[in-house]
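*Asks:* This is what each chain is made of:
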Amino acid sequence: MSKDLAIPGDLLSDDVRLAGEGTYIEDEKVYASVCGVVDRGEKIRVAPLTGKYMPCSGDVVIGKIIDVRFSSWTVDINSPYEARLHISEYPKRINPGEANQHLGIGELIIAKVTGVDAAMRVDLTMRDGGKAIRSGRLIEISHTKIPRAIGRGGSMINLIKNETNCDIFVSQNGRIWINGREDMVTLAADALLKIEQEAHMFGLTDTIREFIENAKRDRK
Amino acid sequence: MKGKPEKLIVKGKRLDGRKLDELRPVKIEIGVLKRADGSCYLEIGNNKVMAAVYGPREVHPRHVQEATRAIVRYRYNMASFSVEDRKRPGPDRRSIEISKVSRESFEPMVIKECFPKAAVDIFVEILQADAGTRTAGINAASLALADAGIPMRGLVSSCAAGKVDGQIILDPMKEEDNYGEADMPIAMVAPDNVTLLQMDGHFTKDEFKQAFELAKKGCAQIYEMQRQALIAKYGAEGKQ
Numbered sequence: 419m420s421k422d423l424a425i426p427g428d429l430l431s432d433d434v435r436l437a438g439e440g441t442y443i444e445d446e447k448v449y450a451s452v453c454g455v456v457d458r459g460e461k462i463r464v465a466p467l468t469g470k471y472m473p474c475s476g477d478v479v480i481g482k483i484i485d486v487r488f489s490s491w492t493v494d495i496n497s498p499y500e501a502r503l504h505i506s507e508y509p510k511r512i513n514p515g516e517a518n519q520h521l522g523i524g525e526l527i528i529a530k531v532t533g534v535d536a537a538m539r540v541d542l543t544m545r546d547g548g549k550a551i552r553s554g555r556l557i558e559i560s561h562t563k564i565p566r567a568i569g570r571g572g573s574m575i576n577l578i579k580n581e582t583n584c585d586i587f588v589s590q591n592g593r594i595w596i597n598g599r600e601d602m603v604t605l606a607a608d609a610l611l612k613i614e615q616e617a618h619m620f621g622l623t624d625t626i627r628e629f630i631e632n633a634k635r636d637r638k
Numbered sequence: 099m100k101g102k103p104e105k106l107i108v109k110g111k112r113l114d115g116r117k118l119d120e121l122r123p124v125k126i127e128i129g130v131l132k133r134a135d136g137s138c139y140l141e142i143g144n145n146k147v148m149a150a151v152y153g154p155r156e157v158h159p160r161h162v163q164e165a166t167r168a169i170v171r172y173r174y175n176m177a178s179f180s181v182e183d184r185k186r187p188g189p190d191r192r193s194i195e196i197s198k199v200s201r202e203s204f205e206p207m208v209i210k211e212c213f214p215k216a217a218v219d220i221f222v223e224i225l226q227a228d229a230g231t232r233t234a235g236i237n238a239a240s241l242a243l244a245d246a247g248i249p250m251r252g253l254v255s256s257c258a259a260g261k262v263d264g265q266i267i268l269d270p271m272k273e274e275d276n277y278g279e280a281d282m283p284i285a286m287v288a289p290d291n292v293t294l295l296q297m298d299g300h301f302t303k304d305e306f307k308q309a310f311e312l313a314k315k316g317c318a319q320i321y322e323m324q325r326q327a328l329i330a331k332y333g334a335e336g337k338q
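The listed protein sequences correspond, in order, to chains Y and B. Residue numbers 419 to 638, in our numbering, belong to the letters of the first sequence in order. Residue numbers 99 to 338, in our numbering, belong to the letters of the second sequence in order.
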């Protein structure tokens with residue numbers, strides 16, 4: 419049993435100023451509101467272990483176009499809420515009404531969340547390093563496992579990139595884009611799905627290194 | 099079905115050998131349904147229930163959505179094979195009422211403001227019934243909500259107290275419910291937020307107080323089991 423695990427309703431602190439994400443305040447006390455790992459940093463937050471992705475300003479996400487409108491696109495971002503990408507936020511200048519000539523339904527994009535309002539209207543931009551994805555493969559893992567897939571200081575993701583020679587892009591909403599040689603893409607995808615499965619294990623980076631090396635040897 | 103037994107309590111023991119203030123054995127499994135956002139299978143005695151939670155997700159039909167918070171929907175359903183005589187499938191007066199009171203037992207505890215315009219859908223299926231299905235359903239739904247990562251003020255625990263042969267008992271089973279004098283299910287979030295209180299039958303004022311205290315104790319025991327089940331599921335993942 420881990421002493422750092424909190425479940426909804428657990429008392430975390432008597433100091434309401436410390437209340438962070440995954441907590442709520444009642445009677446001048448801070449309680450956990452979700453199941454997760456307690457992080458007692460500057461603020462007390464509970465890092466959730468399950469749940470859906472909630473968009474946050476500044477997040478880089480991989481979205482799927484689900485509707486083309488006169489001057490904007492509606493984008494699915496793997497969240498309960500849809501996002502909107504206005505044509506003025508597309509890297510190139512587009513005249514109103516010509517949105518469908520640049521991005522069609524079903525296309526994938528890398529974009530950044532610029533704002534989320536109280537009614538959960540989400541705005542995206544592609545002007546900040548965003549682009550359309552037109553090759554490679556997309557996989558989806560739980561967004562709560564994304565920090566594990568990246569590893570401390572990017573150690574995990576760099577390992578997979580180097581071992582498989584693939585371009586890998588990890589987004590905040592749990593989608594991962596992999597581009598490279600077909601068999602290596604499959605290997606990278608398998609490794610990432612293994613990370614999702616075994617996110618709680620110790621020494622995961624070594625496990626994954628071994629996994630990739632074994633897979634490569636078997637192929638020869 | 100067998101007729102009424104002569105006595106429901108013999109030498110301080112009940113028909114199934116339990117003491118007066120003892121729960122039936124509980125079995126809990128969390129995350130059993132892959133396609134649901136959260137799920138839980140729960141057994142208490144001969145009750146077998148499955149709860150699934152979907153959401154937060156888009157609301158259909160649109161006109162029931164609320165601009166500033168999520169709506170909670172709860173469906174309690176008994177399988178046609180869950181009771182001795184086949185139950186006619188589909189919602190009926192009883193299950194609609196249970197759905198409503200169960201939903202209301204969660205509404206104050208789910209932090210709905212986190213998800214404006216969304217819906218949290220809870221489905222509870224009774225696979226086998228043996229008295230106390232609404233409480234079993236609430237216990238399972240509470241864990242399914244936690245499994246789905248829905249923010250809550252606490253885990254809702256639920257338990258019933260009853261009266262048979264003039265004595266107050268915890269967690270009545272089928273025979274005690276059918277031939278007993280009273281049945282009182284409650285749901286609560288520790289330490290003292292009672293979100294459901296129903297009563298069927300007759301209690302004196304003192305008996306009511308006694309039964310209420312007993313049911314609260316039962317809820318505390320259930321809460322501990324719910325807590326252990328969550329730690330068993332997430333403890334390993336929490337370590338890193």
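If you are wondering where the hints come from, they were derived from the structure by calculation, not from laboratory data. Built from N, CA and C at the ideal position, the CB exists for glycine as well. Certain hints may be false.
Computed list of chain B residues with no C-beta within reach of chain Y, every gap over 10 Å [as the list claims (entries may be wrong)]: (1) V162; (2) T166; (3) R192; (4) I194; (5) D290; (6) G299; (7) T302.
Derived lysine-lysine pairs resembling DSSO-like cross-links, with alpha carbons at most 30 Å apart [stated by the list, open to error]: (8) B:K303 to B:K105; (9) Y:K563 to B:K132; (10) B:K215 to Y:K482; (11) Y:K612 to Y:K549; (12) B:K215 to Y:K563; (13) Y:K482 to Y:K563; (14) B:K132 to Y:K612; (15) Y:K447 to B:K132; (16) Y:K482 to B:K132; (17) B:K303 to Y:K530; (18) B:K215 to Y:K461; (19) Y:K563 to B:K125.
*Asks:* State for each hint whether it applies.
*Replies:* Status of each hint after checking the structure:
no.: 1; hint: V162; verdict: holds, 15 Å
no.: 2; hint: T166; verdict: violated, 8 Å
no.: 3; hint: R192; verdict: holds, 30 Å
no.: 4; hint: I194; verdict: holds, 27 Å
no.: 5; hint: D290; verdict: holds, 12 Å
no.: 6; hint: G299; verdict: holds, 32 Å
no.: 7; hint: T302; verdict: holds, 34 Å
no.: 8; hint: B:K303 to B:K105; verdict: holds, 25 Å
no.: 9; hint: Y:K563 to B:K132; verdict: holds, 17 Å
no.: 10; hint: B:K215 to Y:K482; verdict: holds, 21 Å
no.: 11; hint: Y:K612 to Y:K549; verdict: holds, 28 Å
no.: 12; hint: B:K215 to Y:K563; verdict: holds, 26 Å
no.: 13; hint: Y:K482 to Y:K563; verdict: holds, 21 Å
no.: 14; hint: B:K132 to Y:K612; verdict: holds, 17 Å
no.: 15; hint: Y:K447 to B:K132; verdict: violated, 36 Å
no.: 16; hint: Y:K482 to B:K132; verdict: holds, 23 Å
no.: 17; hint: B:K303 to Y:K530; verdict: violated, 62 Å
no.: 18; hint: B:K215 to Y:K461; verdict: holds, 29 Å
no.: 19; hint: Y:K563 to B:K125; verdict: holds, 29 Å
Hints 2, 15 and 17 from the earlier list are contradicted by this structure; the remaining hints agree with it.
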